[in-house]
Amino acid sequence: NAGVMQNPRHLVRRRGQEARLRCSPMKGHSHVYWYRQLPEEGLKFMVYLQKENIIDESGMPKERFSAEFPKEGPSILRIQQVVRGDSAAYFCASTGTSGGTYNEQFFGPGTRLTVL
Amino acid sequence: GENVEQHPSTLSVQEGDSAVIKCTYSDSASNYFPWYKQELGKRPQLIIDIRSNVGEKKDQRIAVTLNKTAKHFSLHITETQPEDSAVYFCAVKNAGGTSYGKLTFGQGTILTVHP
Chain A
1 NAGVMQNPRH LVRRRGQEAR LRCSPMKGHS HVYWYRQLPE EGLKFMVYLQ
51 KENIIDESGM PKERFSAEFP KEGPSILRIQ QVVRGDSAAY FCASTGTSGG
101 TYNEQFFGPG TRLTVL
Chain B
117 GENVEQHPST LSVQEGDSAV IKCTYSDSAS NYFPWYKQEL GKRPQLIIDI
167 RSNVGEKKDQ RIAVTLNKTA KHFSLHITET QPEDSAVYFC AVKNAGGTSY
217 GKLTFGQGTI LTVHP
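Here the protein sequences come in this chain order: A and B. Read in order, the letters of the first sequence are residues 1 to 116 in the working numbering. Read in order, the letters of the second sequence are residues 117 to 231 in the working numbering.
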């Protein structure tokens, strides 16, 4: 059973470009979370999605950031007009719908975004 | 919103010693408390978790204790080994009555185990 997949693993963008990060949850999982980790800091929640729905986007900046989890295909975190402060590791995690009421979040390997 | 404080930020121990990391949280409704280990450049991996209806949980050399009244929980690693060197994060989930919800993470503890 493949784990959570993220691509690309490394992404370099110039200021003003768009960054598109992809996350494929574990097989059978329908809940996806995105977190951002700045260098030498903890993980900060950005957005929680289920298939075709954004459940909680309280941690996502209102400007330039958007996320989706379509019926088919991976979840995508999109950052428009990137700035140097967007440089970070972006992790997604997924949970399933079985196994009790407190479901472990399984993390992907992350995408390390560098903005030049 | 939830606020999680983690201490210490760095911890250095000799191989074989014990290591203790503590976290406090602010929302008394929080109900799930996982601990993650993150090696350099790698993904966070769950090492142990505890639910709000349990006071203590142990898995081999790792244990977690929870004090709901005081709103703090701790990670205990006994007989530390150099392979335990990593960054450890506590996290808290307040699912608000549902099974799902975001994790709020502590700031992390850099654990170094010297041979």
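Don't read these hints as lab results, they were simulated from the structure. Values in this document were obtained by computation on a predicted structure and should not be read as measured data. Hints may be right or wrong, so weigh each one.
[Stated by the list, open to error] Mimicking BS3-like on lysine-lysine, the simulated pairs with C-alpha atoms at most 30 Å apart in a straight line are:
no. : chain 1 : residue 1 : chain 2 : residue 2
1   : A       : LYS44     : B       : LYS173
2   : A       : LYS27     : B       : LYS173
3   : A       : LYS44     : B       : LYS153
4   : B       : LYS158    : A       : LYS71
5   : B       : LYS174    : A       : LYS44
6   : B       : LYS184    : A       : LYS44
7   : A       : LYS44     : B       : LYS187
8   : A       : LYS27     : B       : LYS153
9   : A       : LYS27     : A       : LYS51
10  : A       : LYS62     : B       : LYS158
11  : B       : LYS184    : B       : LYS138
12  : B       : LYS158    : A       : LYS44
13  : B       : LYS158    : A       : LYS51
14  : A       : LYS51     : B       : LYS153
15  : B       : LYS138    : A       : LYS44
16  : A       : LYS27     : B       : LYS158
[Claimed, not checked] Partial list, computed: chain B residues near chain A (C-beta under 8 Å):
no. : residue
17  : LEU162
18  : TYR216
19  : LYS218
The beta-carbon is built from N, C-alpha and C at its ideal position, and this holds for glycine as well.
Checked hints:
Restraint check: the Cα-Cα separation between LYS44 (chain A) and LYS173 (chain B) comes to about 26 Å, which is no more than 30 Å; the hinted pair holds. Using a Cα cut-off of 30 Å, the hinted pair LYS27 (chain A) and LYS173 (chain B) holds, with the two alpha carbons roughly 29 Å apart. Restraint check for LYS44 (chain A) and LYS153 (chain B): the C-alpha separation of about 16 Å stays at or below 30 Å, so the hint holds. Distance restraint check for LYS158 (chain B) and LYS71 (chain A): the Cα-Cα separation of roughly 29 Å lies within the 30 Å cut-off, and the hinted pair is therefore satisfied.
Note on LYS174 (chain B) and LYS44 (chain A): the hinted pairing holds, with a Cα-Cα distance of about 27 Å set against a maximum of 30 Å. In summary, the hint linking LYS184 (chain B) to LYS44 (chain A) is supported, as the alpha carbons are separated by about 24 Å, within the 30 Å threshold. Restraint check for LYS44 (chain A) and LYS187 (chain B): the C-alpha separation of about 21 Å stays at or below 30 Å, so the hint holds. With a C-alpha separation of about 23 Å, the suggested pairing of LYS27 (chain A) with LYS153 (chain B) holds against the 30 Å cut-off.
Only pairs whose Cα atoms come within 30 Å are accepted, and LYS27 (chain A) paired with LYS51 (chain A) is accepted, the gap being roughly 13 Å. Using a Cα cut-off of 30 Å, the hinted pair LYS62 (chain A) and LYS158 (chain B) holds, with the two alpha carbons roughly 29 Å apart. For the proposed pair LYS184 (chain B) and LYS138 (chain B), the alpha carbon gap of about 13 Å is at most 30 Å, so the pair holds. The hinted pair formed by LYS158 (chain B) and LYS44 (chain A) meets the criterion: a straight-line CA distance of about 16 Å does not exceed 30 Å.
Taking the CA atoms of LYS158 (chain B) and LYS51 (chain A), the gap is near 27 Å; set against the 30 Å cutoff, the hint holds. Restraint check for LYS51 (chain A) and LYS153 (chain B): the C-alpha separation of about 29 Å stays at or below 30 Å, so the hint holds. Distance check on the hinted pair: LYS138 (chain B) and LYS44 (chain A) sit about 19 Å apart at the alpha-carbon level, within 30 Å; holds. Distance restraint check for LYS27 (chain A) and LYS158 (chain B): the Cα-Cα separation of roughly 21 Å lies within the 30 Å cut-off, and the hinted pair is therefore satisfied.
Taken as an interface hint, LEU162 (chain B) checks out: its beta carbon lies about 6 Å from the nearest beta carbon of chain A, inside 8 Å. Checking TYR216 (chain B) against chain A: minimum C-beta separation of about 6 Å stays under 8 Å; hint holds. Satisfaction of the interface hint for LYS218 (chain B) is found here, the shortest Cβ-Cβ separation to chain A being roughly 4 Å, below the 8 Å cut-off.
Of the hints listed earlier, there is not a single one the structure fails to meet.
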